[in-house]
Amino acid sequence: MESNQKNERFYSPPKPYSNPYLAGIGLGLVLLLTFIIMGRGLGASGAFSSTLAAIVNSIDTEFAHNNAFYKSYLEDNTNPLKDWLVFEVLGVLFGGFISGILAGRVKYSIERGPNFTDKKRLLFAFLGGSLMGIGAKLARGCTSGQALSGGALLNFGSWAFMLSVFAGAYMLAYFLRRQWR
Amino acid sequence: MMAPFYKFDLFSEEFSFIIAFIIGIGFGFFLERAGFGSAKKLTSQFYFTDMAVFKVMFTAIVTAMIGVYYLSLIGFLDYNLIYRNDTFLVPQIVGGLILGFGFIIGGYCPGTSLVAASTGKLDAIFFLLGVIAGTFGLSLIFSAIEPFYYSTAMGKLNLSDVLHIPYGIVIFFVVLMALGGFIAAEWVEKRLASKNVEVKDEKN
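If you're matching them up, the sequences are chains A and B in order.
When we follow the numbering used here, the leftmost residue of the first sequence carries the number 1, and every step to the right adds one.
When we follow the numbering used here, the leftmost residue of the second sequence carries the number 1, and every step to the right adds one.
No wet-lab data here; the hints were simulated from the structure.
Do not rely on the hints blindly, as some may be mistaken.
Listed next, the in silico DSS-like pairs over lysine-lysine satisfying Cα-Cα at most 30 Å (straight line) [stated by the list, open to error]:
id, chain 1, residue 1, chain 2, residue 2
1, B, K195, B, K40
2, B, K40, A, K107
3, B, K41, B, K156
4, B, K41, A, K82
5, A, K107, B, K41
6, A, K82, B, K7
7, A, K82, A, K71
8, A, K107, A, K120
9, A, K119, B, K40
10, A, K15, B, K7
11, B, K156, A, K107
12, A, K119, A, K107
13, B, K195, A, K71
14, B, K41, A, K15
15, A, K15, A, K119
16, A, K15, B, K156
17, B, K41, A, K119
18, B, K41, A, K120
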């Protein structure tokens with residue numbers, strides 16, 4: 001009994017997530033503030049491309065400078081990591097961690113449905129991530145930069161993109177139900 | 001007009017990086033609060049069991065959209081100085097579909113995978129590595145797909161330009177659509193919740 005109480009004190013169960021509408025307003029205000037202060041929106045995938053450009057450039061500068069993809073990241077001769085989104089993404093890592101700690105939700109785990117193996121889940125995570133990298137480049141942004149930021153500015157391409165993301169995910173959801181349900 | 005501050009040279013590029021970090025903290029914080037550090041929660045959207053993705057996303061879009069509109073109307077914020085991507089319609093639709101596939105296979109999007117990784121999800125780290133790998137793969141064939149990448153270029157275009165409806169009216173319709181969506185989302189969740197209870201009862 002006593003040890004149970006102790007356990008409860010040290011391993012308090014994770015707090016429930018916020019009300020989605022309140023979290024949405026919070027997210028919307030962060031986005032609005034970004035528009036007001038910076039004159040640009042939020043993002044994520046761009047930071048990955050910059051990081052990759054920096055890595056490739058440090059391994060083989062000649063290859064990077066001759067490649068159509070990396071050229072644009074290296075044009076102004078500054079380090080591609082000196083980029084607004086790279087710093088923003090570092091903040092995202094930190095902010096997510098703070099919120100998780102405060103709510104008791106930081107815990108090592110692999111997220112999957114009960115009938116799916118860890119190995120398969122990690123493979124699928126990697127594959128899904130790879131598709132994301134390709135899709136985000138074609139679309140000029142991901143859910144953060146296009147759907148959220150471009151969506152709030154009523155950007156035409158962003159709305160076409162957003163509907164396609166939902167359509168794509170719903171199209172494939174049935175076939176992947178075992179991974180999640 | 002006073003804003004966007006950065007476009008009026010109120011601070012240096014170096015200082016903008018500090019702002020980026022602070023804004024990122026806010027972004028990550030609310031993503032995690034919403035439960036978007038969990039792939040199961042995120043993908044529930046596509047099985048109609050938890051519509052938080054739609055609710056959070058559209059509340060955020062509506063909040064920022066209305067804010068931008070009214071701050072522009074009172075002459076505080078210049079909408080035209082906010083950076084917007086050009087529209088490349090077909091590559092963006094194809095990219096969106098691929099991203100949607102990646103979402104349901106991988107369980108995250110790039111932003112949410114960061115929050116998941118920082119709260120201890122190993123699958124999110126594999127996802128992050130996947131994003132880098134996928135981008136690298138694309139970079140190797142980029143010159144071959146460049147014609148497609150730059151196809152259907154339409155320049156800077158918003159829904160108001162496309163539909164020939166005033167910006168404020170588009171906002172009104174987006175808000176209506178979002179509210180309709182929220183009501184539908186609540187209804188679907190309640191219906192599925194009662195269904196799940198029935199299934200459990202039958203088992204008992």
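Violated constraints from the hint list, given by number and in increasing order
Result: hints 3, 4, 10, 11, 13, 16 break, sorted rising.
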